[in-house]
Amino acid sequence: MAVSRDRLLTVFSLFILFSFLAYADSNFSHYTLRILQNIAIFITLAVSYNLINGIAGQFSLGPNAFLAVGAYASAIFTLSPEEKLRSFIIEPMLWPLSVISVPFAASLLIAGIVTALVAILMAMPVFRVRGDYLAIVSLGFGEVFQVLANNSMSITNGSLGLKGLQPYTNLWWSWGICVFTVFCTLRLVNSSYGRAMKAVREDETAAEAMGINAFRIKTLAFAFSAFFQGVAGGLLAHLITTISPSLFTFMFTFNLLIIIVIGGLGSTTGSIIAAVLITWGGEALRFFEEPANLFGFQYEGIPGMRMVLFSVILILVMLFARSGIMGRSEFSWEGALGWIKNKLSVMKV
Amino acid sequence: MDYSFALQQLVYGLTVGCLYGLLAIGYSMVYGVLRLINFAHGDLLMVSAYIGFFGIVIFHLPWPVSFAGAIALTALLGILIDRGAYKPIRKSPRINALITAIGVSFLLENVALVTIGGRPKSFPTPGFVSGAIVVGDVSIPTLSVWVFVVTVVLLTLCMAVVKKTRIGIAMRALSRDMETVMLMGVDKDRVISFTFALGSALAAAGGIMWCMKYPAVEPFMGVIPGLKAFVAAVLGGIGSISGAAMGGMILGLAEVFIVAVQPEWSGYRDAVAFFLMIVILLTRPTGIMGERLPD
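These protein sequence lines map, in sequence, to chains A and B. Residue numbers for the first sequence follow our numbering, so the first one is 1 and each next one is one higher. Residue numbers for the second sequence follow our numbering, so the first one is 1 and each next one is one higher.
In case anyone wonders, no lab produced these hints; they're calculated from the structure. Please read these numbers as outputs of a predicted model, since none were measured by experiment. Just to be clear, a hint being listed does not mean it is correct.
[What the hints assert, rightly or not] With a straight-line Cα cutoff of 16 Å, these simulated EDC-like cross-link-like pairs (lysine to aspartate or glutamate) come out:
| hint | chain 1 | residue 1 | chain 2 | residue 2 |
| --- | --- | --- | --- | --- |
| 1 | B | LYS91 | A | ASP203 |
| 2 | B | LYS91 | A | GLU208 |
| 3 | B | LYS91 | B | GLU218 |
| 4 | B | LYS121 | B | GLU218 |
| 5 | A | LYS163 | A | GLU283 |
| 6 | A | LYS348 | A | GLU334 |
Assemble the whole structure, with the sequences as input and the hints as a guide.
Here's what the structure looks like:
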């Protein structure tokens with residue numbers, strides 16, 4: 001009874017979300033729509049990043065690299081052969097790639113699979129030893145990806161990047177993928193695999209003693225999270241329509257790290273809330289970096305001020321409010337309804 | 001590749017290798033004691049470069065004073081980072097400390113960006129390091145001689161401190177078993193502060209020499225050297241000082257020789273460290289000089 005009620009409520013709230021999006025699509029400004037799509041992409045990224053960092057407890061710094069891999073993989077597959085011929089002026093594109101062109105949905109799937117494969121290749125050496133090295137290897141891969149993309153002219157077009165992508169990404173694609181990612185992540189976290197991930201996070205030796213193959217579980221979490229980051233990369237590529245190797249800096253990873261820490265490491269709900277807050281707040285905080293006239297004082301605007309603020313927030317949250325907004329708890333209809341009932345009964349008295 | 005060409009590349013490789021080595025020692029010592037990858041370590045290179053730069057250009061201090069000041073202040077900053085950011089969360093899960101370390105690293109970089117600006121500043125090169133000594137067909141830059149001598153001296157000093165002094169012995173003991181050492185009445189925090197100071201001072205010395213070799217000071221200059229130095233530390237066996245120095249040398253030589261042998265691979269130079277790391281993790285995860293550490 002409770003299960004079907006919860007399902008009904010979930011479907012109902014999704015219906016409200018998508019009605020809102022339908023309303024937004026025809027009424028909101030281009031700028032607002034762009035922010036809405038960014039929010040969806042960042043939720044996708046944060047939820048999948050939280051899976052490896054918060055739930056499996058392995059410190060990865062790879063999202064910017066995975067975004068880049070996904071963006072390139074999907075862009076290479078959606079560009080039309082004519083466009084490829086036009087863009088690859090220094091070296092022609094490698095043969096099978098130069099003639100292939102697939103629909104957007106298929107390219108997103110390819111992006112996810114390619115990214116997950118890259119993640120597995122990375123995980124193999126790293127998870128054989130202490131998980132700490134994952135941080136450096138994944139961080140290093142972000143740098144190496146730039147090197148590789150700049151140098152393999154016949155696949156990525158080098159530093160010229162890929163231009164002229166069709167703007168396939170719209171409100172429906174970004175939010176559809178976002179909801180799908182959250183759904184898959186929640187299913188995984190609540191399955192026996194998810195429980196195994198949490199066990200590995202808490203105590204790897206104890207988990208292995210209970211018969212969990214820690215290497216496999218960590219690799220699974222890493223590949224799963226990379227898959228969705230790759231898909232998000234594909235979405236992002238077709239939102240901004242021009243990609244180059246230097247676009248996917250460590251800044252992406254840093255923003256995501258702040259999101260999952262503020263939301264509460266290990267809580268999917270927290271990641272979603274924080275992704276909305278930070279993506280929207282990051283836009284709102286732009287005034288810090290722009291010249292303004294404050295109460296008669298000329299304020300010059302300091303570029304980079306937001307990042308200083310964000311790093312201070314990150315350190316302070318880590319030192320004083322480690323559990324973030326949600327701690328490790330999740331949203332449930334049971335809890336929400338209980339809370340509302342409680343409030344109502346207080347009001348009656 | 002003829003003989004003198006190889007020797008020439010050896011000189012270049014050793015110079016870069018010394019700098020990686022100096023930086024790697026700090027990573028290695030901190031990781032040995034705290035099991036923490038101190039992401040802010042590479043940025044200390046940038047901090048010391050800026051202090052040295054301002055000492056000379058703005059305050060017109062003589063070279064030795066400015067450099068000594070840079071090293072001392074960077075060591076102090078190392079201690080402050082530990083006390084302020086890492087000490088409060090020593091008991092919490094490792095991932096929290098890693099996240100804090102990333103935060104500190106980003107804070108240093110962006111504070112430098114906001115206060116000083118992103119435009120690279122050209123580091124003034126003192127007269128005594130310019131020029132080169134020519135031996136046969138091989139020209140050895142004076143700077144390389146300085147880098148090599150300074151590195152050897154610092155390394156010997158550092159090894160002596162860690163092997164012979166009481167605090168050095170306490171440091172090594174701490175990296176083996178923290179709880180037992182505390183039961184023996186060792187002041188843990190003092191030893192950890194000392195570790196940070198020593199590592200930061202070496203990074204600072206490396207930073208100043210780095211700037212003489214690549215004279216562009218900018219807020220993000222420490223990121224790539226920091227990343228590579230960590231690889232060097234892993235290569236040599238994390239926790240081992242001589243290993244870190246050796247890892248640095250190997251990495252420096254590998255980078256220079258790969259480009260020398262295959263000039264068309266020069267674009268891949270920054271990727272060498274990464275592939276070396278993968279290879280070492282697959283074949284000998286404890287590094288060349290490393291011993292298996294208890295978990």
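Taking the hints in turn, this is what the structure says about them:
1. LYS91/B to ASP203/A: At roughly 15 Å apart (the allowed maximum being 16 Å), ASP203/A and LYS91/B satisfy the hint.
2. LYS91/B to GLU208/A: Status violated; Cα separation ~23 Å.
3. LYS91/B to GLU218/B: violated, 35 Å
4. LYS121/B to GLU218/B: Satisfied, since the Cα-Cα distance of roughly 7 Å is no more than 16 Å.
5. LYS163/A to GLU283/A: violated, 26 Å
6. LYS348/A to GLU334/A: violated, 21 Å
Checked against the numbered hints given earlier, this structure breaks hints 2, 3, 5 and 6; the rest are met.
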